[in-house]
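Taking the numbering used here, the leading residue of the sequence shown gets 95, the next gets one more, and so forth.
Do not take every clue at face value.
[Unchecked claim] With a straight-line Cα cutoff of 20 Å, these simulated SDA-like cross-link-like pairs (lysine to any residue) come out:
#1 Lys-168 - Ala-139
#2 Lys-148 - Asp-131
#3 Lys-171 - Leu-204
Derived from the structure by calculation, the hints contain no laboratory data. Fair warning: this is a prediction, and the values are worked out from it, not measured in the lab.
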Amino acid sequence: MAKVFLLMMGGPGAGKGTQCDNVVKYLHSSVHISTGDILRAEIKAESEIGLKVKSIIANGQLVSSEIIAEMLDKFIKENTKEVIVFDGYPRTLDQLDHLTEQAKLYNAKLIVVNLEIPDNVMTERILSRGKTSGRADDNADAAKKRLEVYHEQSDSIIKAVKERKVPYYGIENLGTIREVFEDITSVFKKIDLH
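Construct the complete structure from the given sequences, taking the supplied hints into account.
Right, here's the structure in full:
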C-alpha cells in the first residue's frame, strides 16, 4: 500500500482525538499524530527545537507554523507506518500547502475525513468537557471564540481541499462513538484503506 496522510478534521468537541485513536486501532501500520503531542515530546526530550518551543510557550507566544512544519517533517521522515493520521491538522492554508508538498515528497495520498456537527452541539460538548477537563478554554466565552476561529480556519481549508480534488469525506458526528466510527470505517472500505 502507498503511504497515506489521513487528515482528521472537525471542530472543538467534535471527537477527533477519540476517533483518531479508534482509526489507529483499526488500520494496520498506522500512527496518530497531533501537533500538541509533538510539541510536548520535543520539549520533554529537550531537543534543540524542543528548547526553542519551551521558550516560546513560556513567553506566552504561539508556536509558528514554520516550527510546527519542521517538527512534522521530522516525524514524517522518521516514521515507517503506512498511514499517518493527522489530528486537527492542518489549520491554515500555509500548513495545507506544506503538508501537500510533504505528501508529494513521500508519494503519499492525502485523504480528508471531517467530523461534522452543528455549532450548538460542539458548544454543549465543550462545556460538558470543561466540567471534568480543567481546561481553561472549556467555558462559554472561550467556546464561542474557539468556534469562530475554527470556522475562519476550517472553511478555507475545506474549500481548498475540494478545489484541489483531495478525497474529502464529511461524517455526521451526532451518533454514538461507535456509530460514527462505523461511518468512518465504511469510508475506508470504499477506498480500500485497511
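Checked hints:
{"no.": "1", "hint": "Lys-168 - Ala-139", "verdict": "holds (14 Å)"}
{"no.": "2", "hint": "Lys-148 - Asp-131", "verdict": "holds (13 Å)"}
{"no.": "3", "hint": "Lys-171 - Leu-204", "verdict": "holds (16 Å)"}
This entry satisfies every hint, going by the numbered hints stated previously.
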